[in-house]
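Asks: Spelled out from the first residue to the last, the chains are:
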Amino acid sequence: MTVDPRFYTPLGALTLGQIAEMTGAVLDGDDTLSVTGIASAANAQVGDLAFLDGDGKSTPDISANARLFVTNEANLGFVPEGAAKLVARFPRYVHAVAALAMYRPRHLDWTGEARISPDAQVHEGARVSPGAVIAPGAVIGEGSWIGPNVSIGPGVQIGRHCQIGANTSVFCALLGDHVTLLAGARIGEAGFGVLAAPDGQRDAPHFGRVILQDHVTVGANTCIDRGVFEDTILGERTKIDNLCQIAHNVVFGRSVIMAAFGGISGSVRVGNHSMLGGRVGIADHVVVGENVSLAASSGLFRNIEDGETWGGTPAKPIRQWMREVAWLQKQANPKKNG
Amino acid sequence: MTVDPRFYTPLGALTLGQIAEMTGAVLDGDDTLSVTGIASAANAQVGDLAFLDGDGKSTPDISANARLFVTNEANLGFVPEGAAKLVARFPRYVHAVAALAMYRPRHLDWTGEARISPDAQVHEGARVSPGAVIAPGAVIGEGSWIGPNVSIGPGVQIGRHCQIGANTSVFCALLGDHVTLLAGARIGEAGFGVLAAPDGQRDAPHFGRVILQDHVTVGANTCIDRGVFEDTILGERTKIDNLCQIAHNVVFGRSVIMAAFGGISGSVRVGNHSMLGGRVGIADHVVVGENVSLAASSGLFRNIEDGETWGGTPAKPIRQWMREVAWLQKQANPKKNG
Amino acid sequence: MTVDPRFYTPLGALTLGQIAEMTGAVLDGDDTLSVTGIASAANAQVGDLAFLDGDGKSTPDISANARLFVTNEANLGFVPEGAAKLVARFPRYVHAVAALAMYRPRHLDWTGEARISPDAQVHEGARVSPGAVIAPGAVIGEGSWIGPNVSIGPGVQIGRHCQIGANTSVFCALLGDHVTLLAGARIGEAGFGVLAAPDGQRDAPHFGRVILQDHVTVGANTCIDRGVFEDTILGERTKIDNLCQIAHNVVFGRSVIMAAFGGISGSVRVGNHSMLGGRVGIADHVVVGENVSLAASSGLFRNIEDGETWGGTPAKPIRQWMREVAWLQKQANPKKNG
Numbered sequence: 036m037t038v039d040p041r042f043y044t045p046l047g048a049l050t051l052g053q054i055a056e057m058t059g060a061v062l063d064g065d066d067t068l069s070v071t072g073i074a075s076a077a078n079a080q081v082g083d084l085a086f087l088d089g090d091g092k093s094t095p096d097i098s099a100n101a102r103l104f105v106t107n108e109a110n111l112g113f114v115p116e117g118a119a120k121l122v123a124r125f126p127r128y129v130h131a132v133a134a135l136a137m138y139r140p141r142h143l144d145w146t147g148e149a150r151i152s153p154d155a156q157v158h159e160g161a162r163v164s165p166g167a168v169i170a171p172g173a174v175i176g177e178g179s180w181i182g183p184n185v186s187i188g189p190g191v192q193i194g195r196h197c198q199i200g201a202n203t204s205v206f207c208a209l210l211g212d213h214v215t216l217l218a219g220a221r222i223g224e225a226g227f228g229v230l231a232a233p234d235g236q237r238d239a240p241h242f243g244r245v246i247l248q249d250h251v252t253v254g255a256n257t258c259i260d261r262g263v264f265e266d267t268i269l270g271e272r273t274k275i276d277n278l279c280q281i282a283h284n285v286v287f288g289r290s291v292i293m294a295a296f297g298g299i300s301g302s303v304r305v306g307n308h309s310m311l312g313g314r315v316g317i318a319d320h321v322v323v324g325e326n327v328s329l330a331a332s333s334g335l336f337r338n339i340e341d342g343e344t345w346g347g348t349p350a351k352p353i354r355q356w357m358r359e360v361a362w363l364q365k366q367a368n369p370k371k372n373g
Numbered sequence: 036m037t038v039d040p041r042f043y044t045p046l047g048a049l050t051l052g053q054i055a056e057m058t059g060a061v062l063d064g065d066d067t068l069s070v071t072g073i074a075s076a077a078n079a080q081v082g083d084l085a086f087l088d089g090d091g092k093s094t095p096d097i098s099a100n101a102r103l104f105v106t107n108e109a110n111l112g113f114v115p116e117g118a119a120k121l122v123a124r125f126p127r128y129v130h131a132v133a134a135l136a137m138y139r140p141r142h143l144d145w146t147g148e149a150r151i152s153p154d155a156q157v158h159e160g161a162r163v164s165p166g167a168v169i170a171p172g173a174v175i176g177e178g179s180w181i182g183p184n185v186s187i188g189p190g191v192q193i194g195r196h197c198q199i200g201a202n203t204s205v206f207c208a209l210l211g212d213h214v215t216l217l218a219g220a221r222i223g224e225a226g227f228g229v230l231a232a233p234d235g236q237r238d239a240p241h242f243g244r245v246i247l248q249d250h251v252t253v254g255a256n257t258c259i260d261r262g263v264f265e266d267t268i269l270g271e272r273t274k275i276d277n278l279c280q281i282a283h284n285v286v287f288g289r290s291v292i293m294a295a296f297g298g299i300s301g302s303v304r305v306g307n308h309s310m311l312g313g314r315v316g317i318a319d320h321v322v323v324g325e326n327v328s329l330a331a332s333s334g335l336f337r338n339i340e341d342g343e344t345w346g347g348t349p350a351k352p353i354r355q356w357m358r359e360v361a362w363l364q365k366q367a368n369p370k371k372n373g
Numbered sequence: 036m037t038v039d040p041r042f043y044t045p046l047g048a049l050t051l052g053q054i055a056e057m058t059g060a061v062l063d064g065d066d067t068l069s070v071t072g073i074a075s076a077a078n079a080q081v082g083d084l085a086f087l088d089g090d091g092k093s094t095p096d097i098s099a100n101a102r103l104f105v106t107n108e109a110n111l112g113f114v115p116e117g118a119a120k121l122v123a124r125f126p127r128y129v130h131a132v133a134a135l136a137m138y139r140p141r142h143l144d145w146t147g148e149a150r151i152s153p154d155a156q157v158h159e160g161a162r163v164s165p166g167a168v169i170a171p172g173a174v175i176g177e178g179s180w181i182g183p184n185v186s187i188g189p190g191v192q193i194g195r196h197c198q199i200g201a202n203t204s205v206f207c208a209l210l211g212d213h214v215t216l217l218a219g220a221r222i223g224e225a226g227f228g229v230l231a232a233p234d235g236q237r238d239a240p241h242f243g244r245v246i247l248q249d250h251v252t253v254g255a256n257t258c259i260d261r262g263v264f265e266d267t268i269l270g271e272r273t274k275i276d277n278l279c280q281i282a283h284n285v286v287f288g289r290s291v292i293m294a295a296f297g298g299i300s301g302s303v304r305v306g307n308h309s310m311l312g313g314r315v316g317i318a319d320h321v322v323v324g325e326n327v328s329l330a331a332s333s334g335l336f337r338n339i340e341d342g343e344t345w346g347g348t349p350a351k352p353i354r355q356w357m358r359e360v361a362w363l364q365k366q367a368n369p370k371k372n373g
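Residue numbers (the working numbering), protein chains in the order written: chain B, 36 to 373; chain H, 36 to 373; chain S, 36 to 373.
Think of the hints as simulated: they come from the structure by calculation, not from any bench.
Glycine included, every Cβ here is placed at the ideal spot set by N, Cα and C.
There's no promise every hint is true.
Here are a few chain H residues that face chain S, going by a calculated C-beta distance under 8 Å [claimed, not checked]: (1) N100; (2) G182; (3) P183; (4) N368.
Calculated cross-link-like contacts (lysine-lysine; reagent style BS3-like; alpha-carbon spacing at most 27 Å) [claimed, not checked]: (5) H:K351 <-> B:K351; (6) H:K351 <-> S:K92; (7) S:K351 <-> S:K365; (8) B:K351 <-> B:K365; (9) H:K365 <-> B:K351; (10) H:K351 <-> H:K365; (11) H:K351 <-> B:K365; (12) S:K365 <-> H:K365; (13) H:K351 <-> S:K365; (14) S:K351 <-> H:K365; (15) H:K92 <-> B:K365; (16) S:K365 <-> B:K351; (17) B:K365 <-> S:K351; (18) S:K351 <-> B:K351; (19) B:K365 <-> S:K365.
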């Protein structure tokens, strides 16, 4: 995986020996081997450090190009033959320490008085309201409007004819044309991930991006987190209501509609033209097909095929759910059956 | 309907002929007829363009003064005799195109460096914190406090002794006296509406307002959307908790109480002194009477009469809901019944 | 109770006679007695005014040091012998009027042009982004980053190596070291409380604080309200996801994890290492033990012992809840049982 240097300053490569020294991990391999990047095991390329954790009972998805690992004892057997490995009780922690030593989010160094950085590119046909701040490396396209008290982070790319509502914040993100963010939307914050470390739980660092394609609309105070290593993506013309939560690594197709209070956990996929009612929740890694409808307040824990309509918690086909609701009402209220 | 020129710049009237040309709609009527306003069919006055869409199976509510329509084939029969009509596959889209050519939200042209516009009226007895921005045409009354990094949009009227918390945004809105907005509240954003257009789905434009009467309190990060053509209204002393969503065209009476995560869909009515528990959801167009109580987590899809107490999803009278919960527990756990 | 003068300006003591005159309450006691503070009845010290309201059917928790009361007729019998008392129809209102005359939140007087107050202490090793505003009396520690358009209120203490995300607001709060707030978090707003007054319902004023201990993380657009008289506290390494609501007087232990849309009502206690799934709701005053797990979408109305796993609404032990879900599905769908 390539960490986007527009958003993260590369601090240089580390050797496996250095990482062992920084973290106390035990190295099985050449300590001069160079770690030039970070990734999940599934997407690691040559030079990337990957990690394997958990109880070792399920086979992890590992890229054929992954050669550098940090793993716990339980996952030792999954490390490909010939690969170098650091072994530690908390491999995710070791990986995080290495990652934070290799990349630093640029916004943590954004300081000073310049409301609109001289190193930002704001098209002369864009309109910027009072109080908006635009960081170095950001690009604002023709015809776009940046509302008052907006925060546009370092390197953020905003296309043409976008509307960025008041008091929104946009970090680590690429926006297409005609994208609308309503007031208070939070684009590109770190996602929620808690990892075990020797001194207790820590936040999992995030090195991915948010990508909003053309004509995407994001409602007021809605949050869309950036990916851990990969990207969080909303496809063209997808429309999200107010006060929704879209976690790291989620991918929505085109023309998805999601009503208020929708909550989408990490790595969920939702296909084109699917419709999610108000207060729908979807558990992590679930895959939803195209043209699916989820009734309001559904709590979904399983994959759904194209064209299905589901409801309830745990969600099931809508006719089954309605049958259960009706049956319970009838059975529990015998007087009404006379 | 009159679009409030404090919030929307009138760009001038259009003829039916011009609208037909802009959108490809087929005109049945005099192409020199002037469209001087926009409205829903239910509230259209002379000169307003109204629209009829949907499958034509239910009779739309049409104002006796409506004389200019855009409709699809399915609704042709509902157009009053003698009225002029534009016919199109996507009438809501044609209406939106015309509306956007006739009115432009003033905030999209709010630019520049002046934190407090010289064209705003801030009472000398008001207090404004650092970082707050106040747009042209806004009025701030005596004794009101505007917190840091607040965004007050063009033409917004704020009464006396209001407290506008940090980082809030207020657009297209009229606030009475003693109104309190806690930090991050979003007042007057466009509501969530997706309309079909020839090139895919689009956002429905909004031309209404938000009206918050005296002594209304709005919690932190709560969103209250402005109306589509009419207004979203909260009556006197209504109190809304944090992280709630109130959609376009909703009308709350006096002294309503709504706890956190409440979600109220478009055009809902809630009567005086009703109490909505945490995480209550109400489907669009539902009418709730006065002195109604809705238990926490209720999902309401039907109208409720005055004085009722309901709970559950779908919501039903509270005793019926509790009977079902208890019956299910008893039946499914036979060992506990011994 | 001591109201923290860093956040609330003391306006001076009142006599019982003055309070009677301001509110119409009837005094039974010496009208020259001085009220030097305010508190709940449970925590009142000498000189503090406490209140007793409700229907008088349950025995209130009253501090042995409480000597000054405002009460309604129904609670007269609970006032300790020899204590002075104001008697009124709306004792909570009388108490609020007195409290607001004795203490004023400093942020309501924060005005002017100075983005970073000369009376704030910002460590030279801290980094402040453009648009951030820092009030008089605030302290920012070494190595901390204050994001763009952040609002730091009067007297707020922020430790070392904290990250305060874009567009957040922090009032009436003490933050330890290594605390992270993601964008749009709302720390220290007044909680939701509605009290009865002669002219209708009013907001209950809040005089407490928010305390976030070392390594706490708070997600984007999450709200943590300050206490009414006491504090709202999150223990070390507690991690809160986006769009959560934590009400006044809540106390979380160490290393608690709460996923998105969690809603915690007033005065709830949650023990160390407990895990709350997405969209969990907990009713006010509930006590949750250590190492408890609550499944996503649980609605909890009862206390839970250490180590339990519960789910459902109303929440119950997870096996019981799953049994009910499975039983209902089987009974209502007989064809699937063949």
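Asks: What hints, given by number in increasing order, does this structure fail?
Replies: 1, 6, 15
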